[in-house]
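Trainee: Each chain is listed here by its residues.
There are 2 protein chains.
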Amino acid sequence: MNTEIRIVFLFYDHMTALDAIGPHEVLCRLPGAVVQRVAKSRGPVKSDSSGLTLIAEYALSEISKADVLVIPGAGTATDLKDSPETLEWIRILHTQSLWTTSVCTGSLILGAAGLLSGVAATSHWAVLARLSHYQAIPTAQRVVESGKIITAAGVSAGIDMALLLAAKLSGQTVAETLQLGIEYDPEPPFNSGSLAKANPSIVAPLRARLLSCFEPE
Amino acid sequence: MNTEIRIVFLFYDHMTALDAIGPHEVLCRLPGAVVQRVAKSRGPVKSDSSGLTLIAEYALSEISKADVLVIPGAGTATDLKDSPETLEWIRILHTQSLWTTSVCTGSLILGAAGLLSGVAATSHWAVLARLSHYQAIPTAQRVVESGKIITAAGVSAGIDMALLLAAKLSGQTVAETLQLGIEYDPEPPFNSGSLAKANPSIVAPLRARLLSCFEPE
Numbered sequence: 001m002n003t004e005i006r007i008v009f010l011f012y013d014h015m016t017a018l019d020a021i022g023p024h025e026v027l028c029r030l031p032g033a034v035v036q037r038v039a040k041s042r043g044p045v046k047s048d049s050s051g052l053t054l055i056a057e058y059a060l061s062e063i064s065k066a067d068v069l070v071i072p073g074a075g076t077a078t079d080l081k082d083s084p085e086t087l088e089w090i091r092i093l094h095t096q097s098l099w100t101t102s103v104c105t106g107s108l109i110l111g112a113a114g115l116l117s118g119v120a121a122t123s124h125w126a127v128l129a130r131l132s133h134y135q136a137i138p139t140a141q142r143v144v145e146s147g148k149i150i151t152a153a154g155v156s157a158g159i160d161m162a163l164l165l166a167a168k169l170s171g172q173t174v175a176e177t178l179q180l181g182i183e184y185d186p187e188p189p190f191n192s193g194s195l196a197k198a199n200p201s202i203v204a205p206l207r208a209r210l211l212s213c214f215e216p217e
Numbered sequence: 001m002n003t004e005i006r007i008v009f010l011f012y013d014h015m016t017a018l019d020a021i022g023p024h025e026v027l028c029r030l031p032g033a034v035v036q037r038v039a040k041s042r043g044p045v046k047s048d049s050s051g052l053t054l055i056a057e058y059a060l061s062e063i064s065k066a067d068v069l070v071i072p073g074a075g076t077a078t079d080l081k082d083s084p085e086t087l088e089w090i091r092i093l094h095t096q097s098l099w100t101t102s103v104c105t106g107s108l109i110l111g112a113a114g115l116l117s118g119v120a121a122t123s124h125w126a127v128l129a130r131l132s133h134y135q136a137i138p139t140a141q142r143v144v145e146s147g148k149i150i151t152a153a154g155v156s157a158g159i160d161m162a163l164l165l166a167a168k169l170s171g172q173t174v175a176e177t178l179q180l181g182i183e184y185d186p187e188p189p190f191n192s193g194s195l196a197k198a199n200p201s202i203v204a205p206l207r208a209r210l211l212s213c214f215e216p217e
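As you go down the protein sequences, you meet chains R and L in turn.
Take the first sequence: its letter number 100 is residue 100 in the numbering used here, and every next letter is one higher.
Take the second sequence: its letter number 144 is residue 144 in the numbering used here, and every next letter is one higher.
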């Protein structure tokens, strides 16, 4: 009785597992959800989370439509700019998507695909400014909605984004039920989860370490 | 220069992916972390999250020690009580662990393994009372520490638990850095993440649906 909602996750080597699995846990439980995990080729994809390996059941060439497209991030996300076939696949799915989304540095991939020109977007705090390389408007919010593009900040922000998206797709009652289902009533043990809140003595070395993963500006 | 910290995740068919991947994303980044993902046999493990498949690199028989043992939950977690070899493996690792932990209904597995007798513990809110089947003391908190056993509430609570554990293992500066690294400054879009906060009209049908996954009491 539910309308099918086709939710497509891009998987790629060195992606950050939680970037994908946070929203996946929410969105896969939407009524009518059909989830497809897609990578350059079918098979194992090794994340940058101690090599945790996930399986992509589909190759890019097998999937040409999505209602919701989710692009996770990675320390090395911008390496995908050297994969023109992946960027072209993102552009094609975006033309027909209801929502095109990213988590963390996944927004840099959307940018490399040319989808963020003039678009307000967020990313992991350490690389937020780099969105301007793609003519995006860096926006320091946890979730940024610009037309049908929704970008989430670093890693864990994908959960918040997915719950917002759940409400848009299936209504607030479903979204609240999903939030209760994953018992998402966070109690972060420290007040260190964002650039604004963390102690500067923690920010500086982490920023340097994270930026060293990226190519020079 | 860092002391090795061996972190072992139990993977099993039908587990909830985020139960494992939430703490995994935090703990795998601890200085000196050596992460081992273990299942009955090596190879693909199909989660209950739309069939998302993860790889376990080790079989139970190959791993006999852990500093930190993490047991994720599942809608069908108590099926593992019919796997005496898994429960025995958990007991053996627990004898030498620094910390034995669970997320969500993973605490029912610790209970089935006989580790929670007289122990204060939490679980997913919908099955919290079932901990008393195992002589545990059901405790409605997001994270419960009892000696070296730490249990977390439903699904997303594993992230909070892992950050607490990070501070115990590597100090608060490391934990705060990890929290900032995953930008864990949650903004849940609704006030529906716990039994205490959610609208009763949402709680009742979800409780009924979740309990129907479990065997009768």
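Hints listed in this document are in silico derivations from the structure and should not be mistaken for laboratory results.
Check the hints yourself; a few may be wrong.
Because identical chains share one entry, a pair is satisfied inside a single copy or across any pair of copies.
With a straight-line Cα cutoff of 20 Å, these simulated EDC-like cross-link-like pairs (lysine to aspartate or glutamate) come out [to be verified]: (1) Lys197 / Asp48; (2) Lys148 / Glu88; (3) Lys46 / Glu145; (4) Lys168 / Glu187; (5) Lys81 / Glu187; (6) Lys148 / Glu85; (7) Lys65 / Glu88; (8) Lys40 / Asp82; (9) Lys40 / Glu85; (10) Lys168 / Glu4.
Trainee: Please go over all the hints and tell whether each is borne out by the structure.
Mentor: Structure-based check of each hint:
no. : hint            : in the structure
1   : Lys197 / Asp48  : neither (26 Å within a copy, 35 Å between copies)
2   : Lys148 / Glu88  : within (18 Å within a copy, 51 Å between copies)
3   : Lys46 / Glu145  : neither (30 Å within a copy, 33 Å between copies)
4   : Lys168 / Glu187 : between (26 Å within a copy, 17 Å between copies)
5   : Lys81 / Glu187  : neither (37 Å within a copy, 31 Å between copies)
6   : Lys148 / Glu85  : neither (22 Å within a copy, 50 Å between copies)
7   : Lys65 / Glu88   : within (13 Å within a copy, 47 Å between copies)
8   : Lys40 / Asp82   : within (13 Å within a copy, 39 Å between copies)
9   : Lys40 / Glu85   : within (8 Å within a copy, 38 Å between copies)
10  : Lys168 / Glu4   : within (15 Å within a copy, 45 Å between copies)
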